[in-house]
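K.L.:
Using the sequences plus the hints, can you model the full thing?
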Amino acid sequence: MTKVDASVTGHSAESTPIVVAESLGRWYGEVIGLGDLSVTIPRGVTGLVGPNGAGKSTFMKLMVGELRPGRGTLTVLGFAPFANQALYRRLGFAPQQDALYDHMTGRAFVRDLVRLAGYSKHEADDRAVRALGRLELTAAMDRPCGGYSKGMRQRVRIAQAIAHDPELLIADEPLTGLDPLARHVVIELLRGLAREGTSVIVSSHVLHELEALTDRMVLIHRGRLLAQGAVREVRKLLSRHPSKLHITAREPRRLARALVALEHVESVRLHSEGLLDVETRDLAAFQAEFAALAARERAGVRSLESGDASLEAVFDYLVN
Amino acid sequence: MLVHFLRSAALLARMHLVELLSSKRLLFAVLLAALPPVLALLVANFAPERASFGPGMIHAQASLLLLLQVVVPLGSLLVASGLIADEVEGRTITYLFTRATPRAAVLIGRVAAVLVLLVPLFALSAWATALAAAQRPGTTYPEAVQSMILAAAAGALVYSLIGAVLGVLFRRALVVALAYAFAIEGFIANVPGSTARLAVQYWLRSLAIDSEVEPWSKMSELSTMVALVDPDVAAVRLALIAVGVIVFGVAMVRRRQYVLTS
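Order-wise, the sequence lines are chains E and C.
So the number in the numbering used here is just where the residue sits in the first sequence, counting from 1, plus 194.
So the number in the numbering used here is just where the residue sits in the second sequence, counting from 1, plus 239.
Since the hints were made in silico from the structure, they are not lab data.
As the structure is a prediction and not an experimental result, all values here were calculated from the model.
Sample of chain C residues facing chain E (criterion: CB under 10 angstroms; computed from the structure):
#	residue
1	E258
2	T331
3	I332
Ideal placement from N, C-alpha and C gives every residue a C-beta, glycine not left out.
P.N.:
In structure tokens, the structure reads:
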């Protein structure tokens, strides 16, 4: 076998793409899951963004070998993924679905799954404890999963994906449904993994969520690659299309008056039962100012939701 | 490689065993298994004394017509059809199929867990049925109990494997399994002529019934209306069916894609 000097060829392990998809397609009967996706994902942290139904989960299921491509080719870490044990030694997958073995404790769940990768019981237990600890689940790990909150269940799903120290972590919407504290824990974990050299592909339908993690995005819409690149470019597009937010508050009128005064807020609509719809040109500025404003006005904010409407607007813009 | 396969299968068997012990499916199978001995006990103790049947006939009726023909197929198919289908339904199959473990080990391990529970359960049911039939006052212990225990155990094995493979192939495996139990095992097995050989039931009856011994000789004339084969031939045929079914199941589980709903 001939060894090629990476410095001469310009190719190294660092520059080798982790995922290569060419004309990748997958149908569910008559429904298109993924149309014609050609994309190359390099090492590092990559955000996979797209509105609901864009094909993100299908792409992830193809990457982890849960499904086979209907057409085209796909390699992950150089392997064809479907039922490939050699790949699974180097890959961790945190699925989107809220499914665990509820009768098992978090510790036993992660430990047994790590043992399936070939580790001894003792080592698997060590790894499970370490992984659960990284996700701040140490105190709860000896309780059955059935009693966990939604956020804890989400973190257990991530723990089982990282416990065997994979080279690549694929996480499908890992931040969805998490409270701010749990979200912070998961974001810090993913950042930590990236620092340790683990490549991460993480999906979300909310672009803003991924900004905290990476500058590199792959945008998918209707099963096709729409754009790939730095998040700031996407944000520039976003700024041309106001982001929509839904707020419920005890004092909606007082809050609405204060919000209208903000320079970047384009409109505020007042609905019944304390609901406000707000449009802003600058989501980051809004988020920076909102907490202080709400406290000052004593508005009694009950919820603040950012739908994917803003992202839809960008996708519509890019498509059209 | 083989060591990893066996270790994984053993671990998966243990995981599934714990899950099964608290499952409704197993509870239903246990209740089913209790039916033949309970019925035999009732008949043995409460049938009029002038009735002409002894413990042999009670045992034969309860074990052949109820245990072997209804309880074993239904109970085994019910429990085993959930092996993979329940994982797909519960959307936990992802965790097992994205591990560095052969998919075949997942199937084999989980089937092993079912067999560890069901084979002794139905064998015990056959033995308890004979014991219950022997409670008939003034009579002796029924004949050919061992062959019935063997047939019940073999039935649990073969039907569990069939149930597991149906679970690999179909999302609604329980419905398919019930259709199979009634259409093939309940109907075809009782059709006169050689068609009955298509049913596992035919081979189980051949394994259980020793036509030389009363009351099996009477039972074979009454209930099967087809010539049964020698028990040794039936045992070999059942073993071949079991091997064929599991090989087919392994081939299918390695190829199968499971589309999970979010």
